[in-house]
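Enquirer: Letter by letter, the chains look like this.
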Amino acid sequence: MRARALLDKTGPLLGLVFVAITFGLLVGPQFFRPANLELIARQTSIVCVAALGMTIVIVAAGIDLSVGSIIALSTVVIALLLRAGVGPALAALGGVTAGAVCGSATGLLVTRLRVVPFIVTLGMMLLVRGAAKGLAHERRIEAPVTWLNDLLRTVEAGHGTLVPMGIWIVAAVALVVAGVLRYTRFGRHLFAIGSNERTARLCGVPVERCKIAAYTVAAALAGLAGVMQFAKLAVGDPTVAVGLELDVIAAVIIGGGSLAGGKGTVAGTLVGAAIMAVIQVGCSQKGLPNWVQQIVTGSVIVVAVALDRWRERSSVA
Amino acid sequence: MADGVNGRAPRFEMRGVHKSFGATVALDGVDLAVAPGEVCALVGQNGAGKSTLMGILSGALRPDAGVMTLDGAPYGPRSPLEARRSGVAMIYQELPLAPHLSVMDNVALGMEPCRLGLVRRDLVRKMAEDVLAQLHHPEIAPEAIVGTLSPSEQQLVEIARALAVGCRVLVLDEPTSSLGRGDVGRLFELVARLREQGHAIVYISHFIEEVKEVSGRFVVLRDGHNVGGGATATARPDEIVAMMVGRKVDNLYPRTARRPGRPILELEGFGPGGASFTLHRGEILGIAGLLGAGRTRLLRTLFGLEPVREGRVRLGGLAGPWPPSRCWAQGMGLLSEDRTGEGLALGLGVGENLTLSRLTGLGPGPLVLPSRQDAAAKAWIAPLDIRCTSPRQPVGELSGGNQQKVALARLLYHDVDVLLLDEPTRGIDVASKAQIYELIDALVSEGKAGGRPAKAVVMVSGYLPELLGLCDRIAVMCRGRLGPARPVEELDEHRLMLEATGAVEAA
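Going line by line, the protein sequences match chains E and X.
Read in numbering that gives the first Met the number 0, the first sequence has 39 at position 40, and its numbers run on one by one without any break.
Read in numbering that gives the first Met the number 0, the second sequence has 396 at position 397, and its numbers run on one by one without any break.
Hint data in this document are derived by calculation from the structure and do not stem from the laboratory.
A few of these clues could be false.
Heads up, incomplete: computed chain E residues facing chain X, CB under 7 Å, no partners named [what the hints assert, rightly or not]:
1. Tyr182
2. Arg184
3. Arg187
4. Ala191
5. Ser194
6. Arg197
7. Thr198
8. Leu201
9. Cys202
10. Gly261
11. Thr264
12. Ala266
Every value quoted in this text rests on a predicted model; they were computed, and no experiment measured them.
C-beta atoms are modelled at their ideal positions from N, C-alpha and C, and glycine is treated no differently.
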């Protein structure tokens, strides 16, 4: 029984170890060199930040399909602000705020109209993407170079911070989100809503307010993922991150989250994102074509969820 | 009974049927036989075994022992579908129709006449028209979308569906519960017509007046046994009720000395339900009534979970109504009758469920420290004898009795003054029941509450002995209205059942 409990807790981590060793054997020992690990971390940082937000939403039995569009909108807003002469920090804040505004709208629609979140956010996905394109006049927006572009740039040896600032930001956000989910009333309320919304209502949990807050925070983090995206591209691009929401959702699900709600952890989500990044980097370094990488990633998602269901069934029986 | 019912060979016969769920014996050697062209009423209190017996007849449940025959041939359906194909159909309270499909598609569902894999729409339409004509309701259009029909028309479609398969035995389970007065009359005409056409009909109802009107014979179940029956025409309502309630005296119910204190909850024409009563500290007020009488809705409305239609409510001097969060804050808690669907989040731990209504005070500021949460839960796990491996064990893994104790412990942890308990002992084992009775009694008796003022309890139950054993006053709910609350000394099961079944008005 203890072995099972241990397996339950470390399931996704074992998956990561397995995938990493597999590619370690395929690619060779250089796969584990610090520079390569940093590359994997940089590759995954955008998905990670957005997935941390998605974890909050999925724990409360919701889903947000507008994440990719929000990332694009955020890059456009940042580029426009920089061009208008706003400082980089404020411009980044602008991107995050744009996301938060979209999230509040989603939350209001989900709670007021009582439409299922899948549909509302499907609409928001198109709506926000359209808004981003309109704002950018369907062009990439060049912006002056600032320190924002260094967020995900490899730090030169001897320059203190060890890894790029962007990765530190991901780590900090992860710690905060984990703490909020685990140790605050808001976090516990989200789990209760996701596990059984009627129970939450019975117990006086402010269900509507919690949901709006969850979508707002999640979209603000998607906006932050947009900041990372901007750092990588150095331009505002309204067509970037199409379909990225699926990678983000996959990271949460591989990490043990359940679309039925009430389940999901920050550590799991980070591991889930890492698994996908390892597959991505590993495949490209082994010289495997993109279609192989997609098949492998798809299989991992299905296997992870199937294992999870099997675990759940056998623990109830 | 082997020689048939009233001299006729029975259409179906069940003999010596046994069924247990775990340690609970639901049916202990029950007999039932119904002849063609006969309407037999099956009556009994909630939990008497009617639903289980009919579940077995209609293939939803398998009996542990017993013999069943249909038109003289052995009968043992393994599923409701098989039972339907053999000719036995149950018309449920909650009508299982596909609301987006048309009447004819619903009637033919699962047995669509086909040619070369294509559905013969013309035959489907004819099939629907034929059965609707047989029911004397040709006014229902085969193309009508079922979801747009009234409840009584939907019921007709459901019956039509059963007839289309060629069912000879129809079980109607509380068929009037979703109908208005006028529709009830039409349903009775339909039942009479089906009887004349030679169908065997089992009619389940709580309402004695309906039984008198619609059936020729009645059979009474109590605690999983046959306890009587006879011709409906010659039986008096109070005789039938006497068979339903029996004469058992039970010492399961503790009753320490109670002293009613100050009024704490006052209702005036509050509803839906038109409820008026004043609840005092140190008092248990019972609400009796049959399934579907509106008892649960009254409690949910009072707790802000359903819209208030009328009347006023005051709790400790403050005027309501309030949303659930304010109810908790003002010292009123609700125990839901739907333990797994509403009462508890089954995937979450014992401690999480127990403390959900009040997470404040479990850490500094907005924080909730798991260790404090565990400690808070442990403070109730031991005294309530909740069997769990740890406060973090998911509630879904516990037995029904232990789950109920967790749900009840939430109200105690929150330390509310008014406890609204909806069916607090439904579906749990006898040992847990006794513990819960003791607990409820202790809450309202001053001495046991550890120096604190006694609490007040409103308890809804369909099980009369429990109400009579525990409560100080009882009000009866019938057809959506709550009668006056009267001291338990003036009441007995017989009286309550007469009022709950609408046989007499509350005095």
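Enquirer: Indicate, hint by hint, whether the structure satisfies it.
Expert: Here is what the structure says about each hint:
1. Tyr182: It holds, given that the least Cβ distance between Tyr182/E and chain X is near 5 Å, below 7 Å.
2. Arg184: With a minimum Cβ separation of about 5 Å from chain X (threshold 7 Å), the hint on Arg184/E holds.
3. Arg187: holds (5 Å)
4. Ala191: holds (5 Å)
5. Ser194: Since the shortest Cβ distance to chain X is 4 Å, the answer is holds.
6. Arg197: holds (4 Å)
7. Thr198: Because about 5 Å separates Thr198/E from the closest Cβ in chain X, which is inside the 7 Å limit, the hint holds.
8. Leu201: holds (6 Å)
9. Cys202: holds (4 Å)
10. Gly261: holds (5 Å)
11. Thr264: The hint is violated - Thr264/E has no Cβ within 7 Å of chain X, the shortest such distance being about 14 Å.
12. Ala266: With a minimum Cβ separation of about 16 Å from chain X (threshold 7 Å), the hint on Ala266/E is violated.
Going through the hint list in order, the structure does not satisfy hints 11, 12.
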